[in-house]
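S.K.: Each chain is listed here by its residues.
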Amino acid sequence: MILSIKDLRKIYHTKQNEILAVDNFSFDLKEGEFVAIVGPSGCGKSTILSILCGLDKASSGSIKTRKNLKFGYMPQGDNLFEWQTIFKNCLLGLEINKQVTEENKAYVKKLLKTYGLEEFENAYPSNLSGGMRQRVALIRTLATKPDLLLLDEPFSALDYQSRLAVSDDVYRIIKKEKKSAIMITHDISEALAMAERVIVLSQRPSVVKNIYEIKLTNRSTPINNRKAKEFAKYYDMIWKDIDFHV
Amino acid sequence: MYSIEHQKYLKNIKKRKFLIRFTQFAIVFLLIIIWQLAADFGLINTFISSSPKAILNTVISLYNDGSLFHHIGITLYEVLVSFVVGTIIGILIATILWRFKFLAKVLDPYLTVLNSLPKVSLGPIIIIIAGAGTGSIILMALFISVIITIINVHQAFTNTDSNKIRLMQSFKATKSQIFFKLILPSNLSNIISAFKVNIGLVFIGVIMGEFLVSKAGVGYLIMYGSQIFNLNLVMTGIILLAIMASLMYYLILFIEKRLLK
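Chains A and B are the protein sequences, given in the same order. Residues 378 to 623 in my numbering are what the first sequence spells out, letter by letter. Residues 2 to 262 in my numbering are what the second sequence spells out, letter by letter.
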């Protein structure tokens, strides 16, 4: 167990009223596990990640982590800095923490090389495709050597085809680097294709409605996982849980 | 090699560009000729509307008595100093307001009032405080340009992509790191638009100041010319200003190209 959340609760205050965004949220994360959190939009999914990576404070509840657990947060979109080269973009986290050592630079170069971006090191983000930009964003996060990746609807800005390809890509990289990950998404099939466990949240306030262990025959890459025969069954169950009304 | 169609397409673009330039020059040229002809044939009263030849003669006589570049130099100096100082002060205050949101909220109504106040009304006070000289003129230009710089740049700073800020915060970036690594570079184009607005405003301020102080500079030439009913001098001043202002504008375009490769 590397992360244990218990009875997390978050209240937002506005002038008109207070909003209970998250209530009674508990779950444990195993090392190397990929967990997806799905729920209707505006249900407070992102709040949970914000709290985990310290951008927001919980109103109550406890978060226990393994000693020295390092988070790597990826907000929506790739958020690359257009005025810097790809290599400089990847060094952002290291620069902020004043860890731009030769060793870390070499690590970033190795990552860029492993994931096919070596020749774009000195290019600017505008010269890259959406998928490549997403890969750069992931490498920027990996550069600080986090143990747990927090992905907040990372692919929502991409068109459908790129989205499939990029989720495949990102999944492969996360698994190869042996990272744990929590991903927020509103796309049920994306969650099913990528995650080993899917947490379904209810309408606000977000309480855990169900947690599914996703057992697929021949689990492999996200695109292939979509072909598994259990896929439709899980999709159906989650869809019912979300209880979507227009 | 490109196909013939593509070559035609490129040629057309070039031709169009040339035609636009050509027409632009032709308009100025024609206007000058018509103006001069109208003056020669007595269709217009040259005492009021002057004429290109008279303006040229005025420029030459100003040049001969050595005062042409003296006045241009003084105006340019005042414009440049107020532009540089005004832009720096404006960006600095905008930065402080971005950093301290409480202060920004507190100062908001004051900035609005100062922005809508016709700054020329401050002229007499400025002259009493800073004396009838270059100081007053620069102060005038600063009053006009700084407020709007603060408002525009501050607005741009606060509109920076919040996801990028969250990203930096998740790396535990300090406020100053967020400012220098994200806010400032991502708003470079907004800062340059502030330059463009500023250069125009600074010209207004400087000429207004020269009208009030009336000692030297192109604004003084215009004021002096109107007082002795020498409309040739007034027209000359206006044309000199038009040339100076457009040169400044192109200088900023040049800087923009260099900065925003």
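Mixed in with the good hints, there may be bad ones.
[To be verified] Coverage of chain A stretches by chain B, computed from C-beta distances (three or more under 8 Å per stretch; other residues unrestricted):
1) 582-596
2) 605-614
[To be verified] If you want a taste of the chain A side facing chain B, the calculated C-beta under 10 Å gives, among others:
3) 389
4) 445
5) 446
6) 450
7) 517
It is worth saying that the hints were derived from the structure and are not from the lab. Ideal Cβ positions, reconstructed from N, Cα and C, are used throughout, including at glycine.
S.K.: Hint by hint, say whether it matches the structure.
M.R.: Now the hints, each set against the structure:
1. Counting residues of the stretch 582-596 of chain A whose CB lies closer than 8 Å to any CB of chain B gives 0, which falls below the minimum of 3, so the coverage claim is violated.
2. Only when three residues or more bring their CB closer than 8 Å to a CB of chain B does the claim for the stretch 605-614 of chain A stand; here the count is 0, and the claim is violated.
3. For residue 389 (chain A), the interface hint is violated, the least distance from its beta-carbon to any beta-carbon of chain B being 16 Å, above 10 Å.
4. Interface hint status for residue 445 (chain A): violated, as the beta-carbon distance to the closest one in chain B is roughly 15 Å, over 10 Å.
5. Proximity of residue 446 (chain A) to chain B is violated relative to the hint, the smallest CB-CB distance being about 14 Å (cut-off 10 Å).
6. This hint holds: residue 450 (chain A) has a C-beta 4 Å from the nearest C-beta of chain B, less than the 10 Å allowed.
7. Look at residue 517 (chain A): its Cβ gets to within about 9 Å of chain B, closer than 10 Å, so that hint holds up.
This entry does not satisfy hints 1, 2, 3, 4 and 5, going by the numbered hints stated previously.
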